[in-house]
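**Q** So the protein sequences, as listed, match chains A and B. If you're matching positions, the first sequence starts at 37 in the working numbering and goes up one per residue. If you're matching positions, the second sequence starts at 490 in the working numbering and goes up one per residue.
In case anyone wonders, no lab produced these hints; they're calculated from the structure. Virtual Cβ for every residue (Gly too), placed ideally from N, Cα, C. Hints are not guaranteed to be accurate.
[As the list claims (entries may be wrong)] Restraint-style ranges between C-beta atoms, simulated for each label pair:
hint	chain 1	residue 1	chain 2	residue 2	range
1	A	A83	B	T604	28 to 36 Å
2	A	R460	B	L557	36 to 44 Å
3	B	D638	A	R229	33 to 41 Å
4	B	R635	A	M449	30 to 38 Å
5	B	G617	A	R357	35 to 43 Å
[What the hints assert, rightly or not] Straight line, CA to CA, 25 Å or less: simulated SDA-like cross-link-like pairs of lysine to any residue:
hint	chain 1	residue 1	chain 2	residue 2
6	A	K181	B	S613
7	A	K181	B	E585
8	A	K165	A	S178
9	A	K181	B	P616
Single-letter residue listing:
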Amino acid sequence: MYEPKQHLMSYRLDHRAPYQYVIPRSGAMRVPGLVFASPAMLSELRADKSLDQVVNVATLPGIVSHSIAMPDIHWGYGFPIGGVAAFDPDEGVLSPGGVGYDINCGVRLLRSSLHREEVEGVIADLSLKLHQAIPSGVGSRSHRKLTAKELDHVLVRGAEWAVESGYGSREDLEVIEEGGRMEGADPDAVSARAKERGRPQLGSLGSGNHFCELGVVSEIYDDEAAAAFGLRRDRVTLLIHSGSRGLGYQICDESLRAMIRASERYGIDLPDRQLCAAPLRSPEARAYFAAMAGAINFAFANRQMMTHFAREALSRFFGRRDLGLELVYDVCHNIAKWETHVVEGESRRVCVHRKGATRAFGPGHPDVPARYQAAGQPVLVPGDMGRYSYVLAGTERAMELTFGSSCHGAGRMMSRGQARRAARGRSILEDLRRRGIYVRSDSQRTVAEEISEAYKDVADVVEVIHAAGIARKVARLSPLAVVKG
Amino acid sequence: MTARHAQPGHRQLDHTGDVAFELWAPSGEELLREGARAAAELLTGRDGAAIREPPAEHRALRRTTLRLTTLQLTTIDWEDRLVQWLNEVIYLAVYEGLLVVDADFDSDDTSGRGTLSARVRVASLEPGELLTELKSATYHDLRIRRDDDGTWRARIVIDV
Chain A
37 MYEPKQHLMS YRLDHRAPYQ YVIPRSGAMR VPGLVFASPA MLSELRADKS
87 LDQVVNVATL PGIVSHSIAM PDIHWGYGFP IGGVAAFDPD EGVLSPGGVG
137 YDINCGVRLL RSSLHREEVE GVIADLSLKL HQAIPSGVGS RSHRKLTAKE
187 LDHVLVRGAE WAVESGYGSR EDLEVIEEGG RMEGADPDAV SARAKERGRP
237 QLGSLGSGNH FCELGVVSEI YDDEAAAAFG LRRDRVTLLI HSGSRGLGYQ
287 ICDESLRAMI RASERYGIDL PDRQLCAAPL RSPEARAYFA AMAGAINFAF
337 ANRQMMTHFA REALSRFFGR RDLGLELVYD VCHNIAKWET HVVEGESRRV
387 CVHRKGATRA FGPGHPDVPA RYQAAGQPVL VPGDMGRYSY VLAGTERAME
437 LTFGSSCHGA GRMMSRGQAR RAARGRSILE DLRRRGIYVR SDSQRTVAEE
487 ISEAYKDVAD VVEVIHAAGI ARKVARLSPL AVVKG
Chain B
490 MTARHAQPGH RQLDHTGDVA FELWAPSGEE LLREGARAAA ELLTGRDGAA
540 IREPPAEHRA LRRTTLRLTT LQLTTIDWED RLVQWLNEVI YLAVYEGLLV
590 VDADFDSDDT SGRGTLSARV RVASLEPGEL LTELKSATYH DLRIRRDDDG
640 TWRARIVIDV
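Pulled out of the complex, with its shape left as it was, chain B reads as follows (with noise of 0.2 Å):
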């Protein structure tokens, strides 16, 4: 069941510790592209959209050449596949240098167990603006919840 309607969207949630964001999207893949939006603004201060389409302000990242690069992952579910996701995300923003701003999926399992292989649009990331090294997304209380329109939510922890 897809929820056509629903936008995807996500909120930072309070928590003590370390850093957690609640997650909605119409399908799974949405549900991960959001999930890497919501990465890519803890890590650079910047929202979702400016990160997409940036502003003039950004001129920095106009600057930059968005370029692909792909990559597999191989999963036991939904939730197994958002954190290994949002972990790739982490990872090559902080050691690679390069922030996801765009992915496509491809799933031989809907169930989300199998292999995930995503084509990942990347900018690269200008001195300065990697505002936090995070450490990685955790498995503490996560499930994915189908809504009865269809939206899948998560709530996610990211240890920073």
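This is chain A alone, in the form it adopts within the complex (with noise of 0.2 Å):
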């Protein structure tokens, strides 16, 4: 019977710098943790298991640096959510559970010439139109039912595929993480049932914290990065955040299974099984990556359909196609990726494993879009949905400290259930519409699950990426109108 490791003590934190915690290596860790955290967030931490992981992921063959965790990290399973490894091409390995279920789940940023004023009276009637526009919801399917063939191609080429088939423009593929395709996908990699699950959902926001957001810029931090970035204060924004829906959940699913073979097979000590990892080189991390591959694709496209469908009512609601709905940033928060970083002075090939995680590459990188190489890559970070979310940009330093990444998002800090408890007997949706914030969702219980408070307050997660220096604050979004899975 299987046994995983409990962790019964406290970690020692030593303060580092500001901002920055290092749990020192003990028992099997083979590098310490580094841990980026305010000490408010630190205590609350020390409170649940999330340390533990942090711990867990250091113990794993391979890993280079640090197991490093962001000031959004929570209680998850296996890797921490806010988790970042990376691994050495020989040594290490690759890890389903540090990708996670819900593969390339990430966010993307469209602005506009729309001002303010112009949606501010058309919130309730803008929201509804969104909301028919965007499949959502438990079960959603899109609007377009793929052919086996069709869904091959997206496999393989993602955005690129959306884009050819009347999904948005060639322009988009410039501001999407690896330009909306992700190499190394093989179709064949991916099962059967994982394309059954997939082949209806394509273009279709899912459920739980999945969103599309309409807001508004209300305030700028950073001119220049932010003229870059095309932000301008008062002007209309938005933001989807989903992923690879049922695809990317069986694929994770399946590749845990073969993985806690593999473990086995390459005598990986595992402390969670979870964790389960088979050796980069080896043919059972081959075929993940081929198929976790296809999953990445997938999602692009999906946020790719997303963006049209958002453009097209838009477009529709206001009577004209000049809305200036432009991409500012595509961005993945559960991958893992093959990357050139420089470890102790020296430049090295990594598979660096994000998990709940933004990759933030500082200014000059030549990953970064031509037209943000003095800017530094755009970071997008979601809060909830009754406050306000954040555009960052990738520095130096985050090069320097966490393999170029940065926070994700606000992090959970209910429970669902604690959540649903603290909503009941308030009506969630009036008090929001009383703040100019119109929610469109097909289930009360999802909005309860995500009230704000549930949340922690985004500002307090970015201020410490910004005073660590992992990326730095650009500019604040505002809701508007948000439609909830």
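Dock chain to chain to rebuild the complex, using the hints, since each chain is given by itself in its own frame.
**A** Next comes the structure, spelled out in structure tokens:
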């Protein structure tokens, strides 16, 4: 019978620099842990098991430098949510649990030329139109059911397929991580059941914390970077948060099963089975990578299709097409990728796992789009539906400390059950409406589970990121209309 | 060893990121059945008893035809068995619109390693009955314990 390791002691946390804490190596840890947090966040972290998870990840073979936790870290399963870990190509491993079930869950931001005043009186109606345009909710299905052949194209070509099929423009592709197409995908590595789950769902939001949000730029912190990102105060924006739907969940589930067996075969000692992994060079890791890359592409195409639906809905609503609804950027926050980083003065190719963490490449990095070379890569950090979201820019410091990574959101503070209890007897939607925010959802339960208090204040998370220098604040967005899954 | 008097049961635990359950039952097969009840409760918001014996107000469920389906799982131990089984329960509900109401199991090995066959009684879910789209049962910190009286106990995290 399998025995997960129980950590009963509390960890030593050494204060290394402002908002940086190191968990020194001990026991089976191969590298130290590195936690970005405020002192207040730390005391909360000690109350749950997320630090155990940081320590568990540090025991995996071939991990390089540190097992890293972002300030939005919270207790998940396997890798912590808000975790970053890089692995050496020869000694290291690939772990489906280090990516998560929703492969390439991510966020994209569109700007527009619409002024706040043009939408303020019509938000109720506009939110309804958006809700109708974007399939959302439990078991949501797309407007288009793909043929088996089309799905194979999606798995290989991602957002490129979507653009060629009439969803958006080629310019969109320039501002998507990986250009909207992850190399290395193989449709034959994706099971029949995963394809069956994905086929009717491409172009749908899903449920839970996924959303499509119309907002407005409410604050600018960095004029130059904001200008580079095309963000102007009081202009309307659109955020879309979704992933690879059932296709990704199925791939993760099947890969975990294969990797648990592979871990036994390769003699990898697992403190938690959800961390199961296989050597990066093994056939098992290659098979997972090829399937994962397919799911990454599926998610890119998914967000690209919903972008098109939203653009069409807004154009119809305003009766004109010149709304300037241009893509600012699209980031992934559940992903594993090959990247080159300087580790202890040496340039090394490593496989970076980001689970609930966003790539945050600094100015001048070749993978940052030409137009953002001076500013750094846009980093999109959505908050809860009642407060605000942030646009940050990647930094050189992130390249040095975190394999070019930053936070991905607010991070849950309450369980879903606690949130429902806290919401009981309150008219959540009415309260939000009074504050000018129209939330549309097919599910009252989702609305209750997603109340603002269920999340950390994303401003606190962003302050830590900004002060630690692993991304810098560019702009704040405030919600006007939110379509929830 | 079998705990002949222990009744199967479950309770939901608070878990920040996801949903966790504690399950207990007098045998491994009963534990799987109880897991399905817990999952069905999460999926539909109804309690286990209402799912098995629907009261009058659940007319929708009364109208549905119950039918049998079979499935086979190849597992390495009981933990793996519980995860794979629950993922089948979730798949049937979210993708086939079928709620598992009961199951009989047949296994070639009591250690949990090997093949498990299940004959599953399912009921059609009515539109709107499915309250949530669960992603998957996880292996996170999962360990099935046997108490001194033979009760099987598991704590399982579901990604929602």
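**Q** Would you mind marking each hint as holding or not holding in the structure?
**A** Cross-check of the supplied hints:
no.: 1; hint: A83/A - T604/B: 28 to 36 Å; result: violated, 42 Å
no.: 2; hint: R460/A - L557/B: 36 to 44 Å; result: holds, 39 Å
no.: 3; hint: D638/B - R229/A: 33 to 41 Å; result: holds, 39 Å
no.: 4; hint: R635/B - M449/A: 30 to 38 Å; result: holds, 35 Å
no.: 5; hint: G617/B - R357/A: 35 to 43 Å; result: holds, 36 Å
no.: 6; hint: K181/A - S613/B; result: holds, 23 Å
no.: 7; hint: K181/A - E585/B; result: holds, 16 Å
no.: 8; hint: K165/A - S178/A; result: holds, 16 Å
no.: 9; hint: K181/A - P616/B; result: holds, 20 Å
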